[in-house]
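J.: Sequence:
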Amino acid sequence: MTTNRARTATDVMPALETWSHAALAVDDMTDAQFDALLPRAVRRVSCIYWTPVRVARRAARILDDLGVSRVLDVGSGPGKFCVVAGAAAPRIAFVGIEQRPHLVAAARALAASVGTTNVTFTHGDATCLPAAGFDGFYVFNSFAENSFSIDNQFDQTVELSHVRRVDDVMRVERWLAARSVGTILLTYHGLGGPIPGSYECVHVEAAGSSWLRAWRKSHEGASDMYWLEDGVDVAHATIEDVVRHLLPDPDDSP
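Using the numbering used here, the final residue of the sequence shown is 254, and nothing's skipped along the way.
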């Protein structure tokens, strides 16, 4: 995939008359049918950036089974995960936070077009997360785009860099460590960084092109150990392991 120019709000906001797919319930849609509701620029990269519908539905059921009532989707993009998951688990309130304003606008238009009532979207930095109000979190490797080449980034409307990726994932780790016991974190393609040692993996299954892994905070107290996800594998790690995971090895340079 190549991107030769930054996408603008005009690029990603479709004419609303093209979104007349309400006759087909979200629960029955394939990826192709759902992606047809998305703006063209978003639709082109859906298979790379946005959660597949089957994975979103399964994630919603896992969250429902774990008793979660309010979920924050970290880096919600055009709202695909929240809208699909919201239809699959109507008991749960889904909130998406997204740093690109034009994608927030697209997500709100999407939710309105299909009539979802348990989904909302907000513009903001996912590393400045609300202090309370959520007992579940969904992350589809939200910070990986920082490590993509410019040609493979969605657009250049926000700051992206490897330095920012390291800072972001460590902020999220500290934030997760401060959550209440019982908090659920659900990852797809991993968090992209360390998960606090106070969390335990309570469920894992193959899904889409990766794994869905559910974590529950099991105890209070600081820990000098972390978890690192690597595909199907999970490893207990020290801070030195985390640094090696996040920072490139100078000996690997060409």
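These are calculated hints, taken from the structure and not from any lab test. Remember, predicted model here, so these are calculated numbers, not experimental data. Glycine included, every Cβ here is placed at the ideal spot set by N, Cα and C. Be careful, since some hints might not be right.
Okay, the calculated beta carbon distance ranges per label pair [stated by the list, open to error]: (1) 149 / 221: 19 to 25 Å; (2) 178 / 150: 30 to 36 Å; (3) 222 / 201: 28 to 34 Å; (4) 117 / 45: 27 to 33 Å; (5) 244 / 115: 21 to 27 Å; (6) 205 / 30: 40 to 46 Å.
J.: Taking each numbered hint in turn, which are not upheld by the structure, reported in ascending numerical order?
T.: Those not satisfied are hints 1, 3, 5 and 6.
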